[in-house]
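Protein chains in written order, with the numbering used here: chain D, 81 to 356; chain F, 898 to 1185.
Keep in mind the hints are simulated off the structure, nothing from the lab.
Predicted model, so just to flag it, every value in this text is computed and none were measured.
Quick reminder that beta carbons are idealized off the backbone N, C-alpha and C, glycines included.
Hints may be right or wrong, so weigh each one.
To be verified - Some but not every residue of chain F turned toward chain D, in silico, with C-beta under 8 Å:
id : residue
1  : VAL1075
2  : ALA1093
3  : SER1095
Claimed, not checked - Footprint (simulated), chain D over chain F, 3 or more residues, beta carbon under 8 Å:
id : region
4  : 905–919
5  : 1120–1126
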Amino acid sequence: MARAITTQRKITLTAVAWIIALLIFFPILWTILTSFKTEADAIADPPLFLNFHWTLENYAVVQDRSDYMRYLWNSIAIAVGSTALGILIAVPAAWSMAFVPGKKTKDILLWMLSTKMLPAVGVLYPIRLILIQTGLLDTKGALIVILTLINLPIIVWMLYTYFKEIPGEILEAARMDGATLRSEILYVLTPMAVPGIASTVLLNIILAWNEAFWTLTLTTVDAAPLTAFIASYSSPEGLFYAKLSAASTMAIAPILIMGWFSQKQLVRGLTFGAVK
Amino acid sequence: MATQHSRSAARLMMAPAVFVLLVWMLVPLCLTLWFSVMDYRPMRGTFDCCEGLGNYTRFVTSSSFQDAVVTTLMMVGGILLITVIGGILLALLLDQPIWGQGPVRILVIAPFFVMPTVSALVWKNMFMNPVNGLFAHLWRGLGMEPIDWLSQLPLFSIILIVAWMWLPFATLILLTSVQSMSSEQLEAAEMDGAGAFSRFFYMILPHMARAITVVILIQTIFLLSIFAEIFVTTGGAFGTRTLTYLVYQRVIESQNVGLGSAGGIIAVILANIVALVLMRIVGKNLDA
Chain D
81 MARAITTQRK
91 ITLTAVAWII
101 ALLIFFPILW
111 TILTSFKTEA
121 DAIADPPLFL
131 NFHWTLENYA
141 VVQDRSDYMR
151 YLWNSIAIAV
161 GSTALGILIA
171 VPAAWSMAFV
181 PGKKTKDILL
191 WMLSTKMLPA
201 VGVLYPIRLI
211 LIQTGLLDTK
221 GALIVILTLI
231 NLPIIVWMLY
241 TYFKEIPGEI
251 LEAARMDGAT
261 LRSEILYVLT
271 PMAVPGIAST
281 VLLNIILAWN
291 EAFWTLTLTT
301 VDAAPLTAFI
311 ASYSSPEGLF
321 YAKLSAASTM
331 AIAPILIMGW
341 FSQKQLVRGL
351 TFGAVK
Chain F
898 MATQHSRSAA
908 RLMMAPAVFV
918 LLVWMLVPLC
928 LTLWFSVMDY
938 RPMRGTFDCC
948 EGLGNYTRFV
958 TSSSFQDAVV
968 TTLMMVGGIL
978 LITVIGGILL
988 ALLLDQPIWG
998 QGPVRILVIA
1008 PFFVMPTVSA
1018 LVWKNMFMNP
1028 VNGLFAHLWR
1038 GLGMEPIDWL
1048 SQLPLFSIIL
1058 IVAWMWLPFA
1068 TLILLTSVQS
1078 MSSEQLEAAE
1088 MDGAGAFSRF
1098 FYMILPHMAR
1108 AITVVILIQT
1118 IFLLSIFAEI
1128 FVTTGGAFGT
1138 RTLTYLVYQR
1148 VIESQNVGLG
1158 SAGGIIAVIL
1168 ANIVALVLMR
1178 IVGKNLDA
């Protein structure tokens, strides 16, 4: 029997929840609103909420002045590239761990996680040195490889938890019916694994897009993604609020939308299955 | 029913992932270890053997290390306090039957997806700026002197910014945990006359204990390496230099690689202590 809730209680709770939610969301909302203001309206006191002169000029200015598209392209290339590479390496590994577990499987999984916990700053200099020596500093390729390596444990782990949920009996049945390993993977496993792989891809694109240690320390101009682009607004350009807001909005919009779709996977992916 | 054949195939499929991670972990770490016992200052062209543990003692005994440890603890502790308590309250609220649960949840988790450099800069300029920031407007509107947040209360300001980014993460995980609680048990307790407080402290909180531990451990690991937020706000000035930032400055800015590498190794050791505890919990869950 469901608990009866008085309407009044529900109204109060709804109001409280909405107020808190809007407060938490406010900085993002404010950034989006400010991106449509003129610079004068952006710093008006008292602040203008909706009754300002709406304009798109900031977006045009940001694009013209700082070559926004190049940073955007770098971000896309790095996020998509590292995720694709990671999936390519992780799918076979997670598949074998889930379906042919050995005695060491659990240890290997835990060891992989432990590499994720290595503080990046501890290995910053050697990585930089290697990249300088090989001429790969400030290249997209280097960042793709590094971000793949950082996120690989999460990718393997997420895929493993998804694959584990696929019942092994189905595989056995397929084998009984004479399916080869190839057709087993292609026709039985893949259709069932696609949702899990898709959520893993989504979460990893988000993580790679927002990664801000390696992208800030290993790029200067050529390979700099949006994280570095925004950091360049640190000062004094950051004081042009409308332009800062336009640049910020463009940097976060795609990921915000993807993030909303992946909220369930977020828990699974970032707690390594410790909370379900 | 795994055959010998499928076992070796499995090992082959696992090999690339294991191999790249092994290289990724060992090669740079060994280099850092090596540099940490050298007098290595590229700008002066020194690369001399051997300092032994000299770099370590120099790093650990310097006052900047001690300050950095205190700053790191205060920063991580402050953020954990806000996000865990806030997360518990928010999770309980979002678990209630309200109108528009979906949209509310979407609004609450949004900050987690904002790029660290964006959130740090937006807060720094548009909210905490002492002249044109929203807080300054608000303070003036209330007839008070505006605060220059990042130079008067730098540590607190950064804690606020990062806590805002991580509150959604804590909320989401704790919400998952609250929702897995049996409502029948709670109803039974209510029938038996348990008040809201005793239900919270004796039933809900113990049920969430594990999720809370996981949130604390995972956040600690990520928070120990906060970088971008400090990089674009204070640049490590005004007592906001954490251990990570100190190592970064030693290695990259002052180019004292030997000393910085020793610091890096110390950071690795400290993070591993936290990681070890987390692995225990995750490992236990693997058996279940």
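Hints, one by one, checked against the model:
1. VAL1075: VAL1075 (chain F) check fails; min Cβ-Cβ to chain D is 11 Å, beyond 8 Å.
2. ALA1093: Where the cut-off is 8 Å and the nearest Cβ of chain D is about 12 Å from ALA1093 (chain F), the hint is violated.
3. SER1095: violated (17 Å)
4. 905–919: holds (count 10)
5. 1120–1126: It holds, with 4 qualifying residues against the three required.
In terms of the numbered hints stated before, the structure departs from hints 1, 2 and 3, listed from lowest to highest.
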